[in-house]
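Work the whole structure out from these sequences, hints included.
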Amino acid sequence: MKEHKVKNNNKTAGMSIIVKTITRLTIGLILLYGIYILLHGHLTPGGGFAGGVIITLSFIHIMLAFGKDVAFQKLNKSWSKIFESTGALLFLTIAVLGFLGGSFFTNFMDKGEPFEFLSAGTIILSNIAIFLKVGAGLFLLFIMLVFFKIGGKK
Amino acid sequence: MEHIIPLFVVICLASAFLISILGIKFKFFTTIFPIIASAVLFILSVLALYLMNINGLMVYKIGGWIPPIGICMVLDGLSSFMLFTVNLVAFFIIIYSYNYVKKYTHRYKYYGLLFLMLAGMNGVIITGDLFNLFVYLEVAAVSSYALVAFGTGKQELEAAFKYMVMGTLASGLILLSIAITYSYTSTLNMADIGNVLSSKGVSPVVLFITALFMVGFGLKAALVPFHWWLPDAHPSAPAPISAMLSGVLIKALGVYAIIRIFYNIIGNNIYISKILLVMGTLSMIVGVVFAIGQYDFKRLLAYHSISQIGYVILGIGLATPLGIMGGLFHLFNHSIFKSLLFLNSGAVEHATGTRNLKEMGGLNKRMPITGNTSMIASMSIAGIPPFNGFWSKLIIIIACVQANEYIYGLFAVIGSVLTMASFMKVQKYAFLGKIEEKWKKVKEVPFGMKFSMIGLALVCVFGGLMLLPDISDFILKEASKAVLIGTDYVNQVLGSV
Amino acid sequence: MTYFLSFILFSIGIYCILTKRNILKIIIGIAILDYAINLFFILIAYRTNGRSPILEKGSTIKRIVDPLPHAVVLTSIVIGLAVTALLVAIAIRIYEKYGTFDINEIKELKG
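Protein chains in written order, with the working numbering: chain A, 1 to 154; chain B, 1 to 497; chain C, 1 to 111.
Don't read these hints as lab results, they were simulated from the structure. This list has only true hints and no planted wrong ones.
Computed cross-link-like contacts, DSS-like style, restricted to lysine-lysine with a CA-CA straight-line distance of at most 30 Å: (1) K77(A) to K154(B); (2) K97(C) to K77(A); (3) K358(B) to K425(B); (4) K440(B) to K425(B); (5) K103(B) to K365(B); (6) K57(C) to K111(A); (7) K365(B) to K434(B); (8) K162(B) to K103(B); (9) K27(B) to K443(B); (10) K477(B) to K274(B); (11) K97(C) to K102(B); (12) K481(B) to K61(B); (13) K154(B) to K20(C); (14) K438(B) to K428(B); (15) K77(A) to K25(B); (16) K20(C) to K162(B); (17) K62(C) to K111(A); (18) K109(B) to K77(A); (19) K154(B) to K103(B); (20) K450(B) to K103(B); (21) K358(B) to K443(B); (22) K154(B) to K443(B); (23) K97(C) to K154(B); (24) K25(C) to K107(C); (25) K97(C) to K103(B); (26) K103(B) to K358(B); (27) K107(C) to K358(B); (28) K25(B) to K68(A); (29) K77(A) to K102(B); (30) K107(C) to K103(B); (31) K97(C) to K68(A); (32) K68(A) to K109(B); (33) K25(B) to K103(B); (34) K77(A) to K27(B); (35) K81(A) to K103(B); (36) K20(A) to K68(A); (37) K81(A) to K109(B); (38) K97(C) to K358(B); (39) K102(B) to K154(B); (40) K97(C) to K162(B).
As structure tokens, this is what we get:
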């Protein structure tokens with residue numbers, strides 16, 4: 001497990017030094033756990049929505065502990081908007097491509113043997129599309145609520 | 001050819017997502033692309049009417065799963081009629097919005113939310129599964145909450161908050177009754193629920209489900225004990241959104257769902273018809289009485305919406321063939337002339353900047369097209385021949401007399417007379433008379449707005465032709481037949497998979 | 001008997017919406033309402049002596065609980081999140097324009 005190196009320009013932003021040290025250790029673990037829940041959505045409970053929320057939590061963790069400037073270096077506002085719309089369009093494309101297999105939204109890819117990792121056709125691609133949309137949407141929501149200054153600029 | 005059925009939802013969703021990502025950079029996506037998309041939807045809905053007449057009731061299985069295991073989409077007479085109404089009104093409103101949104105800076109957000117609302121409405125009309133109906137209802141409702149607050153002024157935010165609280169309460173009640181229905185019948189497909197309910201008979205659980213659905217969808221459709229959110233929410237939205245909300249949203253989410261659940265699934269009995277008759281009559285009278293004392297143009301139109309929905313529910317509550325045909329025809333007519341009236345008020349606000357009737361006067365000389373279309377729409381809603389409002393009100397009153405319900409017919413006539421008085425007041429204050437000093441320099445509205453208003457006025461004038469035998473067999477008779485067969489809907493859907 | 005307690009939670013939510021004067025307390029009441037209905041859905045799905053509806057390789061199952069309401073509740077939680085987020089955004093903007101959270105002072109529209 002390698003340590004996550006982050007630039008810390010402003011020493012007074014964010015929380016105390018104990019929180020910052022622990023955060024450097026835990027965000028990698030949270031990210032890994034979220035990716036595991038996302039990719040095994042067809043075998044165990046979880047899937048797109050739950051995995052997306054957990055992965056977004058690791059980015060919010062950076063913002064809470066280090067201040068907003070460091071978090072914006074990792075993921076800024078325009079990239080979030082692009083991720084969100086890409087996720088939605090990818091999901092719709094998978095549904096429309098189901099027309100090739102018969103009717104709308106069919107599972108047209110090869111379904112292997114049950115209980116293996118690469119089985120159940122298009123479900124894993126749909127999970128990834130939902131993760132992009134939900135994760136980016138939740139991060140944008142948090143940014144907008146944090147940055148709104150009352151009576152001033154956004 | 002039956003693969004066009006899911007395209008109604010897919011085209012709306014794809015346009016919404018494309019506009020929200022590409023509309024920031026390219027100006028094509030916020031000016032011409034919405035008009036193309038809504039024209040395609042309108043042509044598809046006319047095609048769906050043809051298909052329904054050739055083939056009868058069509059069931060489309062999503063993903064190849066057979067209902068009741070999978071979700072299905074059902075296209076019958078009532079669905080194709082409602083799709084035609086919704087897409088026709090949406091086409092004219094999007095052409096009107098081309099000029100109206102020039103005063104907002106974030107145009108891509110407006111069009112994105114508008115297409116999401118349209119996707120939700122199309123989905124509610126075309127689906128055949130009860131929880132799928134709830135999901136599309138929430139999509140349309142949340143988009144409309146955001147659109148009411150779009151201008152972010154003081155009054156709009158307050159109106160949006162009140163609208164949201166009532167809407168969320170209604171959705172909570174609908175979800176609770178879906179939960180109780182699932183625990184009683186253990187299936188979520190609409191045709192299968194009808195099957196199980198007709199074989200298990202009446203029990204107290206079915207009465208509880210009926211009451212909860214009536215309250216939940218009555219809140220969405222603004223029937224009378226549940227109407228008080230509507231006069232605050234509808235005037236505060238931008239003018240094309242008010243036309244969309246009042247013209248199609250309360251019908252697609254409220255009245256269509258009431259017809260589908262109470263006539264085709266639970267089955268018709270005498271108590272439900274009596275309750276619908278009483279609520280319809282109360283809506284008619286209360287709406288008109290409150291509208292007479294109003295001097296704000298859009299608030300007056302919102303109160304008249306409550307009254308005209310009362311006419312539709314009165315026609316449907318009679319449960320005779322002539323009554324149901326009158327109610328559905330009045331639903332179509334009200335979408336057309338109420339949208340036209342709201343677009344007129346938007347044009348007046350665009351030119352003069354005020355909504356108060358006491359400050360206007362004599363605008364007919366400087367804005368002739370707005371004045372003339374407003375006169376046509378006022379005569380339609382008051383029920384003057386030969387415009388289309390007269391025919392539908394006449395059919396409803398004849399159906400009342402035929403079914404020996406003389407008192408409800410009398411109330412319908414009284415409501416119609418009071419509506420005519422109210423709109424003569426509007427015409428006198430706003431358009432006729434001497435023009436004031438400060439309005440001598442107003443100009444007529446731009447071309448896009450003129451085109452929409454003239455288009456809707458033409459449909460008002462020629463709308464009575466829908467009662468000719470050939471055309472009425474094509475559109476209206478199929479719709480009223482789909483409602484009248486009652487629980488035979490279940491056999492048709494389950495028999496054609 | 002267990003269903004009765006979730007109805008009590010539902011009526012606590014409606015009581016909060018109807019009688020509280022602060023906007024944020026109304027929003028919390030709406031959240032309680034949504035969660036009470038989701039809880040009712042999960043309670044319906046229980047079958048006697050059933051276990052959780054997950055299949056694994058090489059195991060024999062006697063009886064599982066009903067898996068359909070679990071999928072329904074997942075969708076319903078997402079809808080509740082979206083509605084709560086929009087309500088909170090509108091409440092922040094109302095505070096900026098009116099200066100107060102009290103609904104008795106926010107009364108510009110009447111008649």
